[in-house]
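**Student:** Sequence:
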Amino acid sequence: MNNYLFSGILIVSSFVIGWILYFIVAFLIKLRDARPSKLLKAKLGLLKSPLRFLIPVLCVSGVIPLLRLPQKERLFIGNFINILLIALFGWLAVKIVYIIRDALLSRYDIDARDNVRARSVHTQMRVITNILAVVIILLTVSFMLMSFKEVRHIGVSILASAGIVGIVIGFAAQKTLGNLIAGIQIAIAQPIRLDDVVIIEGEWGWIEEITLTFVVVRIWDLRRLVVPISYFLEKPFQNWTRTSADLLGTVFVYTDYTVPAKEVRNELTRILENSSKWDKKVNVLQVTNATDKTVELRALMSAADSPTMWDLRCEVREKLLEFLQQRFPECLPRIRIEMNKGESN
Numbered sequence: 618m619n620n621y622l623f624s625g626i627l628i629v630s631s632f633v634i635g636w637i638l639y640f641i642v643a644f645l646i647k648l649r650d651a652r653p654s655k656l657l658k659a660k661l662g663l664l665k666s667p668l669r670f671l672i673p674v675l676c677v678s679g680v681i682p683l684l685r686l687p688q689k690e691r692l693f694i695g696n697f698i699n700i701l702l703i704a705l706f707g708w709l710a711v712k713i714v715y716i717i718r719d720a721l722l723s724r725y726d727i728d729a730r731d732n733v734r735a736r737s738v739h740t741q742m743r744v745i746t747n748i749l750a751v752v753i754i755l756l757t758v759s760f761m762l763m764s765f766k767e768v769r770h771i772g773v774s775i776l777a778s779a780g781i782v783g784i785v786i787g788f789a790a791q792k793t794l795g796n797l798i799a800g801i802q803i804a805i806a807q808p809i810r811l812d813d814v815v816i817i818e819g820e821w822g823w824i825e826e827i828t829l830t831f832v833v834v835r836i837w838d839l840r841r842l843v844v845p846i847s848y849f850l851e852k853p854f855q856n857w858t859r860t861s862a863d864l865l866g867t868v869f870v871y872t873d874y875t876v877p878a879k880e881v882r883n884e885l886t887r888i889l890e891n892s893s894k895w896d897k898k899v900n901v902l903q904v905t906n907a908t909d910k911t912v913e914l915r916a917l918m919s920a921a922d923s924p925t926m927w928d929l930r931c932e933v934r935e936k937l938l939e940f941l942q943q944r945f946p947e948c949l950p951r952i953r954i955e956m957n958k959g960e961s962n
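Each number in the working numbering corresponds to the 1-based position in the sequence shown with 617 added.
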């Protein structure tokens with residue numbers, strides 16, 4: 618038989634055998650547990666793609682010494698297979714990192730009411746996972762390049778003679794490196810977490826996504842504000858849920874001087890007690906200011922989270938206005954004009 622034909626059949630056969638082995642392994646994993654856990658589902662879902670190619674390529678690498686080819690061609694095929702293996706192992710390592718992340722995060726429910734701890738863990742794990750993925754990719758590419766002697770020699774000569782270029786690249790990459798370092802600081806210090814309620818550049822919204830270089834804020838009207846991650850270390854911003862998801866909210870009502878504050882206070886209590894949005898912690902009504910025309914009443918209340926607080930404030934404002942209109946219309950803001958008898962003529 619022709620040597621090239623024999624070698625081709627050997628390579629194809631080993632690849633097919635490897636693919637069959639992959640399907641056998643996948644079937645045995647499914648057969649072991651008919652109702653797989655979350656971790657097992659993550660394994661099957663994330664590892665399926667790299668293993669589908671890694672096992673066949675490993676089988677091919679095992680038959681390289683058996684190829685009936687000239688040494689130069691056999692070395693070329695061997696180097697090509699080695700590069701594929703490095704890339705596939707790097708791909709597999711990244712997938713394993715994400716599997717571990719998903720397994721750990723499945724223990725923390727970010728949708729719970731009191732979710733400060735869960736949001737903290739989710740933020741740290743996502744940032745750390747992204748950093749590890751970048752490191753694995755860089756190492757994989759480095760090992761792939763270093764597998765070529767020519768590239769190693771070229772790399773040494775470039776590093777030896779590219780001082781000026783290195784300085785230029787360093788200045789160009791300064792902002793990117795700054796954002797990467799800021800991402801690590803965010804993961805450790807955690808001035809923000811996933812699902813935190815923040816006010817940035819006058820916009821109110823939730824932290825939706827944290828990457829190594831930028832943060833996505835979901836504005837209340839469903840717009841997305843993309844902010845460099847270094848912003849949160851360099852500029853002031855408001856974080857309403859830094860230590861707790863519980864919030865205090867205020868409603869201001871402006872009335873006439875004749876308003877009975879006690880009656881309005883009792884009505885506020887009735888409104889809050891009949892509302893499912895109130896967490897039954899804070900219920901205060903105070904006269905906080907008086908101008909030449911109106912009296913300022915401030916209603917203070919509490920809720921479990923920011924969306925509920927927004928709805929509760931709107932509900933209280935609407936019902937207090939209805940109460941004043943129906944029970945004390947004379948206490949709505951008015952302008953008084955006093956005219957003397959001589960002026961009326």
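Hints in this document: simulated from the structure, not taken from any laboratory. Don't take every hint at face value.
FRET-style restraints, in silico, Cβ to Cβ [what the hints assert, rightly or not]: (1) 720 x 693: 35 to 43 Å; (2) 688 x 626: 15 to 23 Å; (3) 938 x 843: 34 to 42 Å; (4) 818 x 953: 38 to 46 Å; (5) 630 x 688: 21 to 29 Å; (6) 806 x 692: 46 to 54 Å.
Straight-line C-alpha distance at most 25 Å; calculated DSS-like pairs for lysine-lysine [said to hold, decoys possible]: (7) 894 x 879; (8) 665 x 712; (9) 898 x 936; (10) 879 x 898; (11) 852 x 879; (12) 936 x 879; (13) 712 x 689; (14) 910 x 894; (15) 852 x 894; (16) 852 x 897.
Ideal placement from N, C-alpha and C gives every residue a C-beta, glycine not left out.
**Student:** Given the hinted pair residue 898 and residue 936, is their alpha-carbon gap at most 25 Å?
**Tutor:** It holds: about 20 Å lies between the C-alpha atoms, which stays within 25 Å.
**Student:** Residue 665 and residue 712 were given as a pair; does the straight-line alpha-carbon distance stay at or below 25 Å?
**Tutor:** The hint holds at about 10 Å.
**Student:** For the pair supplied as a hint, residue 712 and residue 689, confirm whether the alpha-carbon distance does not exceed 25 Å.
**Tutor:** Violated: residue 712 and residue 689 sit about 35 Å apart, past 25 Å.
**Student:** Check whether the Cα positions of residue 910 and residue 894 lie no farther apart than 25 Å.
**Tutor:** With a Cα-Cα distance of about 33 Å, the restraint between residue 910 and residue 894 is violated, given a limit of 25 Å.
**Student:** Confirm or reject the claim that residue 818 and residue 953 have a C-beta distance inside 38 to 46 Å.
**Tutor:** holds, 43 Å
**Student:** Quickly compare the C-alpha distance for residue 852 and residue 879 to 25 Å and report which way the hint goes.
**Tutor:** violated, 43 Å
**Student:** Measuring from beta carbon to beta carbon, are residue 720 and residue 693 in 35 to 43 Å?
**Tutor:** Holds, since residue 720 and residue 693 (Cβ atoms, about 41 Å apart) stay within the stated range.
**Student:** Given a hint of 46 to 54 Å, does the C-beta separation of residue 806 and residue 692 actually sit inside it?
**Tutor:** holds, 51 Å
**Student:** Do residue 938 and residue 843 keep their Cβ atoms within the hinted range of 34 to 42 Å?
**Tutor:** holds, 38 Å
**Student:** Take a quick look at whether residue 936 and residue 879 sit within 25 Å of each other, Cα to Cα.
**Tutor:** holds, 16 Å
**Student:** Hint check: residue 852 vs residue 897, CA-CA at most 25 Å. Holds or violated?
**Tutor:** With a Cα-Cα distance of about 35 Å, the restraint between residue 852 and residue 897 is violated, given a limit of 25 Å.
**Student:** Does the structure keep residue 879 and residue 898 at a Cα separation of 25 Å or less?
**Tutor:** Given that 25 Å is the threshold and the Cα spacing comes to 20 Å, the pair holds.
The structure fails hints 11, 13, 14, 15, 16 (numbered hints given earlier, in ascending order).
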